[in-house]
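Asker: Residues per chain are reported as follows:
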Amino acid sequence: MKKLLTAASLLALTTLPSLAEPLKIGVITTLSGPAGYLGEQVRDGLQLAIDQEGGKLGGVDVELVVEDDGLKPGNGLQIADKFMNEEGIKLITGIIFSNVAGATVPEVVENDAIYISPNAGPSNLAGAGCNKNYFVVSWQNDSLHEATGAAAKALGYKKVVALAPNYQAGKDAIAGFKREFGGDVTEIYTQLEQTDFAPEMAQIRAAAPDAVFQFHPGGMGIAFLKQYVQAGLSKDIPMIVSEPSADGVILNAVGEAAVGLKATTHWNADFDNEANKAMVAAWAAKHPDKPLTTYGQQAYDVGLLIASALKKTGGIDDLDAFRAALKEADFTSTRGDFKFGPNQHPVQDWFMVDIVAGPDGKPMWVTKEKLRDDVGDVYAAECKM
Amino acid sequence: MNSRILAAVLLILLAALPFIAQATGQSALLSLASRILIYGMAATSLNFVLGYGGMVSFGHAAFFGIGGYVVGILYHHADTETLFWGFIPGTTQMLITLPAAILVSGAFAAAIGALSLRTGGVQFIMITLAFAQMLFFLFVSLKTYGGEDGIIVRRTNELPFLNTRDRAVMYWVVLAITVAFALGLRRLTKSSFGTVISGIRQNERRMAALGIPAYRYKLFAFILSGMGAGLAGALMVNVLRFASPDMMHWTKSGELMIMVILGGVGTLVGPFLGAAALLSLESVLASWSEHWPLAMGLILLVVVLGTRGGLMALVTRLTGGRK
Amino acid sequence: MILFLEQLLNGLQYGVMLFLLAAGLTLIFGIMGVINLAHGSLYMIGAYAGTLAAMQTGSFWLGVPVALIAAALTGLVMEAVVIRRLYARDHLDQVLATFGLILFFNQSIILLFGRQPMFTQLPDLFSGAVEVIPGLPYPSYRLFIIAVGLLVALGLYLIINRTRIGMLVRAGSTNREMVRALGVDIRLLYTLVFGLGALLAGLAGFLAGPVLAVQVGMGEQILLSTFVVVVIGGVGSIKGAFVAGISLGVIDTMLRAFLPGMLRQVMAGPEADALGVGISSMGIYLLMALVLLVRPKGLFMAGS
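Chains as they are written, first to last, in this note's numbering: chain A, 1 to 385; chain B, 1 to 323; chain C, 1 to 304.
If you are wondering where the hints come from, they were derived from the structure by calculation, not from laboratory data.
Bear in mind that the values here come from a model prediction, so they are computed numbers and not experimental data.
Heads up, the beta-carbon is just placed ideally off N, CA and C, and yes, glycines get one too.
Worth double-checking, as some hints may not be accurate.
[Said to hold, decoys possible] Quick list of in silico lysine-lysine cross-link-like pairs, DSSO-like style, CA-CA up to 30 Å: (1) Lys143/B / Lys384/A; (2) Lys370/A / Lys178/A; (3) Lys178/A / Lys143/B.
[Stated by the list, open to error] Which residues of chain A face chain C? A few of them, derived with a C-beta cut under 10 Å, are: (4) Glu200; (5) Ala202; (6) Ile250.
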């Protein structure tokens with residue numbers, strides 16, 4: 001009975017897919033709750049890359065299967081299980097948060113499916129925990145903040161107050177910042193889900209540093225920026241942040257108060273390359289009411305990467321060939337230079353941007369200078385593949 | 001009599017689920033079923049103090065998380081070949097990790113219960129919440145064990161003679177433990193101890209007048225309940241192969257409570273039914289539409305307003321059975 | 001000294017916010033015996049409605065009545081459709097139903113306004129800073145919030161102690177059955193109290209808008225702290241909510257501001273930071289546990 005079934009399903013497998021069944025890509029992402037806009041950006045970014053090619057990636061018909069993980073690790077795992085075992089999906093992407101990735105990614109990559117991260121790049125999967133089926137297109141978490149440290153150093157700051165929430169990503173952020181900065185850092189840890197930062201503002205004023213570095217993504221970042229300006233600190237103490245604390249959505253919610261901020265990023269909308277121009281124009285046409293953020297861009301690049309590999313292999317039935325094609329990263333990234341390091345995390349450039357008032361009065365990023373050239377991450381050396 | 005046949009049929013179906021899942025190609029059913037059984041176990045434990053004992057604990061995720069972290073921490077030390085507190089070696093043997101999880105969560109339940117049971121009513125709800133939140137923040141700040149990012153447990157705990165890495169085997173292990181747990185709990189509720197606990201819920205003063213030390217009985221029930229939740233947490237980490245502070249967040253305590261209420265307070269099967277309803281709904285609705293919480297919210301409202309006593313009451317009404 | 005004074009003001013402002021939310025919640029809880037988890041949703045609805053109106057009209061002040069009306073209306077509808085059927089039920093059914101309401105309201109906001117947080121602006125009148133004492137500039141909007149909070153407290157005090165409705169409210173939170181037995185239209189009283197609670201939540205939400213992020217789920221972020229205030233203050237007691245709200249705001253702020261520094265005097269930096277933040281995150285829960293162990297019914301149990 002069981003043999004018969006396997007035989008039947010084998011038959012089905014070999015005959016059916018070639019009949020123009022589109023290749024399914026599983027997208028596990030966060031769409032509910034306050035962080036929902038991040039998942040929305042990732043979904044829309046991927047879809048945009050597919051639409052640009054008329055429903056294909058690399059000449060192969062593809063279809064996105066999107067599901068909301070609700071920011072729960074257990075749900076992420078369950079969806080991955082369903083994707084792989086019920087729908088036969090071999091290519092998965094989309095996770096926003098490190099803790100969902102921690103539960104989900106090992107399950108995917110150990111079952112001969114490919115996971116390509118459009119956002120989270122936690123350290124526990126970058127070093128000894130790396131895997132040949134795991135690719136990160138965005139960044140390793142630490143490098144986000146190393147760039148900001150480098151920027152603070154380049155700007156000549158000596159004494160900085162660094163603030164981040166008291167959880168792993170927050171501590172990693174400050175550690176990453178210090179690694180490249182080298183100056184005097186006063187650390188202040190805020191609480192998870194904190195909304196009122198008045199006590200911290202008073203501490204910053206009392207410390208009178210050259211600059212402030214803070215890492216508060218999403219709603220926390222909005223509240224922090226507003227209160228920083230309202231406390232009158234923005235006049236005297238410059239603030240420098242990494243990209244998650246000043247994305248387009250945060251800037252829109254804060255408004256002109258964000259002008260004057262400095263940020264570091266791996267990508268900006270004003271980059272002068274064809275791939276980027278095409279993406280920015282297409283996004284503006286399709287989503288005029290939503291700003292394009294790095295989350296959307298990262299997902300778009302995931303689409304381009306998949307397209308480059310599919311162009312060579314024509315499908316993912318031969319997983320080894322597909323993996324090898326992915327590893328070559330033979331595509332023009334919207335960020336410019338891009339290649340994979342030994343742990344299949346990006347080796348890329350980092351930039352400093354100024355936040356200025358745009359033509360419509362809304363704040364926007366303007367690229368100022370390149371900070372770091374072709375850098376990978378500190379965990380790559382621990383990865384043995 | 002009828003209910004026995006029903007239970008037997010259900011058990012056979014559950015035991016055959018791995019084959020059914022494979023035959024119908026719905027193998028994600030297996031992980032959904034594992035999660036339902038485990039959450040059901042945690043919810044049943046909560047129901048023991050909440051439904052039978054009248055102690056509304058809003059901090060049961062703490063014990064669930066502690067149980068999970070025992071497995072995670074022991075794995076971490078086995079993996080890195082280090083010692084916990086300088087003298088306890090790690091292990092990946094399920095025969096050690098599960099009892100350890102039960103004992104440790106029982107110890108936490110003893111400490112929290114001893115303090116919390118000095119209050120009652122709404123104050124009990126809030127004080128159990130307070131202790132759970134303190135533990136949540138503690139685990140968030142533990143850098144050695146991954147803090148907010150949690151511990152990835154690369155290998156499921158081992159059992160002699162069984163390959164627990166096989167999903168179906170692990171499911172059967174969970175099923176066997178769940179059945180043993182449910183039977184044990186059934187005996188407990190029908191024992192004289194269970195009668196006293198119910199009696200205390202109905203009228204604590206009368207029980208005290210009968211010379212029964214209510215506080216001690218309640219504390220003992222609370223400890224047992226914490227142990228059950230800890231066992232469920234330990235199994236959850238084995239199935240998810242991941243432990244994180246998310247397991248003890250107050251929303252998780254809320255979710256367990258929702259399962260109990262949705263299924264039917266003070267019934268044995270109710271919490272399992274509640275867990276099954278909540279998790280399947282979430283999984284089915286989420287695959288239909290990204291706006292699934294809207295439908296979920298309305299369904300919950302309809303269930304509360306339309307039935308008294310949750311899904312169990314609905315089932316008994318539909319089958320016309322006496323309760 | 002100046003830093004201490006500034007932190008005291010910060011604590012006061014945070015406490016006032018907590019009080020605005022807790023006042024409604026404690027009344028609803030104490031008088032009707034309803035645990036309303038969806039109280040945070042009313043806060044969110046006030047913030048969205050008011051902010052939207054302020055943006056459309058360009059005037060912050062027009063946002064105030066819109067926020068109040070929207071939250072109160074939602075509250076009244078919620079009471080009539082759902083809450084009213086729950087008065088006779090036990091707390092657990094109320095928890096499940098109001099949890100359903102949270103899901104419903106959050107997703108409705110996403111459907112209506114999308115997932116992106118809203119842009120908010122300070123009123124021109126209060127966009128600057130005021131020198132409270134020489135050397136201490138303080139954001140005038142925060143002073144405004146403190147003033148509004150204190151005014152509301154005074155208003156509630158007058159209503160509860162000087163009017164007939166207030167008398168019924170006091171009686172209701174002490175002995176519900178007795179009020180019913182006296183032939184008072186308890187249903188109308190309940191509706192009024194629920195509407196008032198919703199109104200206060202909406203006001204808090206709108207006032208918080210320019211300081212925080214107006215986004216989906218903002219109500220749940222502050223819900224837990226609000227319940228802590230209600231329980232510490234004593235269920236049903238406005239006075240308790242006021243005292244507990246202000247003290248909690250001040251204590252929480254002071255712990256966060258000064259504890260890591262104090263610990264750093266006696267131990268190494270990183271450990272001091274970790275311990276300091278750990279303790280101050282747990283601060284309000286620790287405080288609640290202690291209060292409940294000493295006074296199981298809270299500080300000001302209504303009617304005692």
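Asker: Now look at each hint and say whether the structure bears it out.
Answerer: These are the hints, each one checked on the structure:
no.: 1; hint: Lys143/B / Lys384/A; in the structure: 24 Å, holds
no.: 2; hint: Lys370/A / Lys178/A; in the structure: 19 Å, holds
no.: 3; hint: Lys178/A / Lys143/B; in the structure: 18 Å, holds
no.: 4; hint: Glu200; in the structure: 8 Å, holds
no.: 5; hint: Ala202; in the structure: 5 Å, holds
no.: 6; hint: Ile250; in the structure: 8 Å, holds
In summary, the structure agrees with every hint in the numbered list given earlier.
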